[in-house]
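Asks: Just so you know, the sequences run in chain order B and V. Residue 57 in my numbering sits at position 57 of the first sequence; the count goes up by one each step and never skips. To convert a position in the second sequence, counted from 1, into my numbering, add 1000.
Please note that a few of the clues may not be correct.
[Unchecked claim] Label-pair restraints from in silico Cβ distances:
| no. | chain 1 | residue 1 | chain 2 | residue 2 | range |
| --- | --- | --- | --- | --- | --- |
| 1 | V | Ala1010 | B | Pro77 | 28 to 34 Å |
| 2 | B | Glu85 | V | Asn1017 | 18 to 24 Å |
| 3 | B | Gly103 | V | Asp1072 | 33 to 39 Å |
| 4 | B | Glu100 | V | Lys1141 | 38 to 44 Å |
| 5 | B | Glu82 | V | Pro1071 | 54 to 60 Å |
Note that these hints are calculated values from the structure, not bench results. Glycine included, C-beta positions come from ideal geometry on N, C-alpha and C.
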Amino acid sequence: MTLLEVVQALDAEILYGQTLLDRELETCCGSDLMSDVLAFTKRNTLLCTGMTNIQVVRTADMTDLGGLVIVRGKRPPASFLEEAEAEKLPVLATKHTMFETCGILYACGLKGCSVKE
Amino acid sequence: MAEIKALKLAFDVPGANFDRAGEASAKLKRTLQQVGVPAEVIRRVAIGSYEGEINLIIHAGGGQLQAEIYPDHTRVIVSDQGPGIPDVKEAMQEGYSTASEEARAMGFGAGMGLPNMYNCADAFEIQSKVGWGTIITMDFKHQDR
Ligand SMILES: Nc1ncnc2c1ncn2[C@@H]1O[C@H](COP(=O)(O)OP(=O)(O)O)[C@@H](O)[C@H]1O
Ligand SMILES: [Mg+2]
Chain B
1 MTLLEVVQAL DAEILYGQTL LDRELETCCG SDLMSDVLAF TKRNTLLCTG
51 MTNIQVVRTA DMTDLGGLVI VRGKRPPASF LEEAEAEKLP VLATKHTMFE
101 TCGILYACGL KGCSVKE
Chain V
1001 MAEIKALKLA FDVPGANFDR AGEASAKLKR TLQQVGVPAE VIRRVAIGSY
1051 EGEINLIIHA GGGQLQAEIY PDHTRVIVSD QGPGIPDVKE AMQEGYSTAS
1101 EEARAMGFGA GMGLPNMYNC ADAFEIQSKV GWGTIITMDF KHQDR
């Protein structure tokens, strides 16, 4: 699924990444727990989260995530977006809740990051 | 025997400073990218190093992150002179955590850090003593898994 298709499915706002919309995402993860993101995601995963602290961007950088979706209409601070831009990490914002966001993306065919390979 | 030169990096990680958590690991990651280490390996080094860096901040009041980059492997050493770990075996269990509320609020403290470091590295060693501190050494071969 491309980032553009994610934007359309979630009726999301693009906070950063207008030029990266053709990026292909392979898997998706919904979590507020950065410890879990560090332990269980694969490269190029889309992370849906309600967290907006700078550690989300750092975690995304370390794990080579493909993009972020901030759920429930939350807004990350400017420093968050500046760092995301420096790392070419797309950031979307959606009004949907975490549950709805994950459900919509799952129905679109995006797969989870299963614990077992 | 000819001595193999390593590219060495050293960072001081200040304690209790969440805003800067991950900066040292990010710099290490950029350096590995410049050197041309495979991306899959860099990802494991970055995750292991970042987990160690976070632990310095949330458990040890700060410490040092060092990296030695050799042609065929990278060594990451995470050291501190903090409180030490009373029972290392227990601390290595998935889910064991003494993290503060503040650390949890940032999305950490799930007790997955040490096991994750162990899993990411090709070799993992931990030395810790109460009142002395903790030294973790991780080796990563420059080879995809
Ligand atoms: N550098 C350290 N100094 C003192 N204690 C530590 C250190 N690193 C880890 N620990 C102890 O080991 C536990 C498990 O660590 P970890 O697996 O990283 O989980 P978490 O950081 O989520 O608590 C910590 O909660 C803490 O009690
Ligand atoms: Mg930890």
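Asks: A separate judgement is required for each hint: does it hold in the structure or not?
Replies: Status of each hint after checking the structure:
1. Ala1010(V) with Pro77(B): 28 to 34 Å: 31 Å, holds
2. Glu85(B) with Asn1017(V): 18 to 24 Å: 23 Å, holds
3. Gly103(B) with Asp1072(V): 33 to 39 Å: 46 Å, violated
4. Glu100(B) with Lys1141(V): 38 to 44 Å: The hinted range 38 to 44 Å holds for Glu100(B) and Lys1141(V), with Cβ atoms some 43 Å apart.
5. Glu82(B) with Pro1071(V): 54 to 60 Å: 36 Å, violated
Checked against the numbered hints given earlier, the structure breaks hints 3 and 5 and satisfies all the rest.
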